[in-house]
Amino acid sequence: MPENGLWELSVKKDNRYVSWYVRRDGASSANYKDLRAPEVPQPIGDLPNTGLAVHPTIRERIGGMPLFFFPQFYQTATKGYYLLEDQHPESGRKKLVVYNHLYEPLELQLPGGTAYQNLEIRAQYLLIEKITSAGDRSFQFFDLETLEPGLEVSQMPYNTHIDGDLLFYQTKGIFDQITVHKIAKLDGQVIYEPSAAATVFKDIASAKIYVPQVRELHLTNIPFFDLLSLTSFPDLEVLMIDQGHGLRLPAEAFGSLTKLRSLRIKNCADLESLPLELQNLSSLEILYIQDCPNLKAMDIFLQKATALRLLRSDLRFTPAQRERLQATHPQLVIEELLAVQGE
Amino acid sequence: MRPILLLFPLFLMGVSTLWSQPQIMLLRQSNEQGFLGIDDAGNHLFELPPGHEPTVRQDRESIRLGNFYKVNLSEGGLPVQYGEHYYLMDIKGNKIADLPDSLNWVSPFQEGYFRAYERYENRRNASWVVYLDKTGKPCFDGQRFWEGSPFVSGVAIVQPDTADDWLLIDLTGHPIANLSDSIPG
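As you go down the protein sequences, you meet chains A and B in turn.
Using this note's numbering, you'd call the opening residue of the first sequence number 1 and step up by one each time.
Using this note's numbering, you'd call the opening residue of the second sequence number 1 and step up by one each time.
Please note: incorrect hints may appear among the correct ones.
As the list claims (entries may be wrong) - Quick list of in silico lysine-lysine cross-link-like pairs, DSSO-like style, CA-CA up to 30 Å: (1) B:K70 x B:K134; (2) A:K185 x A:K79; (3) A:K259 x A:K182; (4) A:K266 x A:K182; (5) A:K182 x B:K92; (6) A:K172 x B:K92; (7) A:K182 x B:K95; (8) A:K172 x A:K208; (9) B:K70 x A:K185; (10) A:K208 x A:K259; (11) B:K137 x B:K92; (12) A:K13 x A:K33; (13) A:K202 x A:K172; (14) B:K70 x B:K92; (15) A:K259 x A:K296; (16) A:K259 x A:K304; (17) A:K185 x B:K92; (18) A:K202 x A:K296; (19) A:K172 x A:K266; (20) A:K185 x A:K172; (21) B:K134 x B:K92; (22) B:K92 x A:K259; (23) B:K70 x A:K202; (24) A:K95 x A:K79; (25) A:K172 x A:K182; (26) A:K266 x A:K202; (27) A:K259 x B:K137; (28) A:K182 x A:K208; (29) A:K172 x B:K70; (30) A:K182 x B:K70.
As the list claims (entries may be wrong) - A partial selection of chain A residues facing chain B, derived with a Cβ cut-off under 7 Å: (31) W7; (32) V11; (33) K13; (34) R16; (35) V22; (36) S28; (37) F175; (38) Q177; (39) V180; (40) P194.
Just so you know, these hints were derived from the structure itself, not from any lab.
We put the beta carbon where it would ideally sit given N, CA and C, even for glycine.
I would like the entire structure built from these sequences, with the hints used as guidance.
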């Protein structure tokens with residue numbers, strides 16, 4: 001918990017609700033800034049006592065540094081490495097150099113590398129940017145325990161994230177929700193990668209390679225005719241169609257999707273009807289429809305889709321239509337979409 | 001009944017410090033899938049079926065879209081919601097307890113308690129706050145609160161359903177201070 005954690009109450013004052021902040025010692029105020037803890041001096045960093053005889057110059061260089069500026073290091077009972085900033089005596093340029101506990105700079109020889117740039121120490125790994133004679137750059141995790149190169153990646157783009165000794169490959173969706181697509185230890189061992197059954201495939205061609213494991217397809221900007229290929233995915237459970245083109249979905253394709261449990265259809269401006277085969281899918285529990293303005297007679301269609309448990313859509317029903325739907329589908333939850341929903 | 005009570009700004013800072021504690025990761029590739037629970041060696045611990053949503057935030061989210069969470073299960077179980085129902089699960093994926101259907105939200109475990117919202121029968125969309133122990137049993141003799149915060153360093157701020165007072169309580173549920181004079185309303 002934060003040392004200065006505050007509770008925010010919503011309280012009625014002068015006939016309106018206002019925020020009121022309370023500190024854990026009971027002090028309270030309408031302005032949370034009043035409750036800030038008094039400034040405390042920056043704590044000073046120190047090397048751990050591992051029994052290692054660290055060269056006095058290292059202690060001298062980093063002694064007294066506030067924690068915030070304290071250099072990164074890796075230290076055990078037998079070895080220590082310290083990332084220190086050196087200044088070139090003539091140009092004045094600053095450069096990060098790794099010293100061992102004897103205050104000797106670490107000389108790196110990495111396969112194919114001609115130039116290196118030390119970036120940071122994470123757990124027992126030194127992250128280095130490696131540059132080849134051809135100017136190619138890659139990122140190499142160098143194990144300071146074994147002095148062996150570990151995981152090497154061609155790029156360290158914004159969608160990777162290091163946490164402890166793990167490298168996360170992740171993307172952000174709307175509302176900044178994170179999806180992690182791979183996790184590797186910094187020695188190169190991959191500890192998580194989704195199976196084909198968990199992978200969300202974005203096109204039919206790449207999904208076909210993994211038949212029959214494919215469970216989830218998200219198809220964008222697709223002619224409805226191409227959906228005939230869905231007969232190749234007998235175990236498909238989730239299908240999303242965004243920006244589909246055509247008046248009707250091909251009935252033949254949907255009749256074969258006996259395990260489909262969730263169907264999402266978005267931005268299909270021309271779509272006029274859903275195939276009746278969908279009504280017979282005993283597995284289809286979730287139907288999501290958004291921005292399909294020409295869909296007709298959906299209340300009649302839905303009355304026969306008896307397995308449906310959740311309808312999430314921007315379709316609007318009259319009170320009478322809704323009443324009839326709920327009478328035949330007491331278990332059906334109808335969620336009306338008022339705004340853009342996430343994937 | 002007063003509408004909301006939040007801990008400010010505990011959430012962001014709390015999340016950033018979690019990684020230093022024993023914990024697991026919950027992952028899925030889309031919110032149509034169930035979560036896979038793994039440890040930091042990549043061992044598969046459990047799989048939740050689609051639609052079973054773990055509670056990972058100390059405040060109730062109106063919509064849950066996250067596909068990746070780190071959670072600490074070293075002290076208490078994980079609350080999981082399926083439909084309108086909540087249950088508690090251990091780190092191996094075993095169900096510890098079914099929680100009463102009268103609860104419409106359950107927080108993650110913190111400082112010995114789950115904080116839960118219990119439906120208030122006489123007003124739509126209103127809830128009491130109750131505290132549950134690690135087995136899901138009600139604490140403090142089943143005391144209900146109009147408002148109740150998470151425990152932070154051993155104290156919580158509450159408004160009991162028997163009075164309009166704002167109280168600081170300790171981990172045993174006993175009042176240690178009455179703040180009503182300094183809080184408006």
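So, going through the hints one by one against the coordinates:
no.	hint	in the structure
1	B:K70 x B:K134	holds (19 Å)
2	A:K185 x A:K79	holds (22 Å)
3	A:K259 x A:K182	holds (27 Å)
4	A:K266 x A:K182	holds (28 Å)
5	A:K182 x B:K92	holds (22 Å)
6	A:K172 x B:K92	holds (28 Å)
7	A:K182 x B:K95	holds (28 Å)
8	A:K172 x A:K208	holds (26 Å)
9	B:K70 x A:K185	holds (16 Å)
10	A:K208 x A:K259	holds (17 Å)
11	B:K137 x B:K92	holds (21 Å)
12	A:K13 x A:K33	holds (19 Å)
13	A:K202 x A:K172	holds (16 Å)
14	B:K70 x B:K92	holds (15 Å)
15	A:K259 x A:K296	holds (26 Å)
16	A:K259 x A:K304	holds (18 Å)
17	A:K185 x B:K92	holds (23 Å)
18	A:K202 x A:K296	holds (28 Å)
19	A:K172 x A:K266	holds (20 Å)
20	A:K185 x A:K172	holds (21 Å)
21	B:K134 x B:K92	holds (16 Å)
22	B:K92 x A:K259	holds (28 Å)
23	B:K70 x A:K202	holds (27 Å)
24	A:K95 x A:K79	holds (23 Å)
25	A:K172 x A:K182	holds (14 Å)
26	A:K266 x A:K202	holds (15 Å)
27	A:K259 x B:K137	violated (39 Å)
28	A:K182 x A:K208	holds (22 Å)
29	A:K172 x B:K70	holds (16 Å)
30	A:K182 x B:K70	holds (15 Å)
31	W7	holds (5 Å)
32	V11	holds (4 Å)
33	K13	holds (4 Å)
34	R16	violated (10 Å)
35	V22	holds (6 Å)
36	S28	holds (5 Å)
37	F175	holds (6 Å)
38	Q177	holds (4 Å)
39	V180	holds (5 Å)
40	P194	holds (5 Å)
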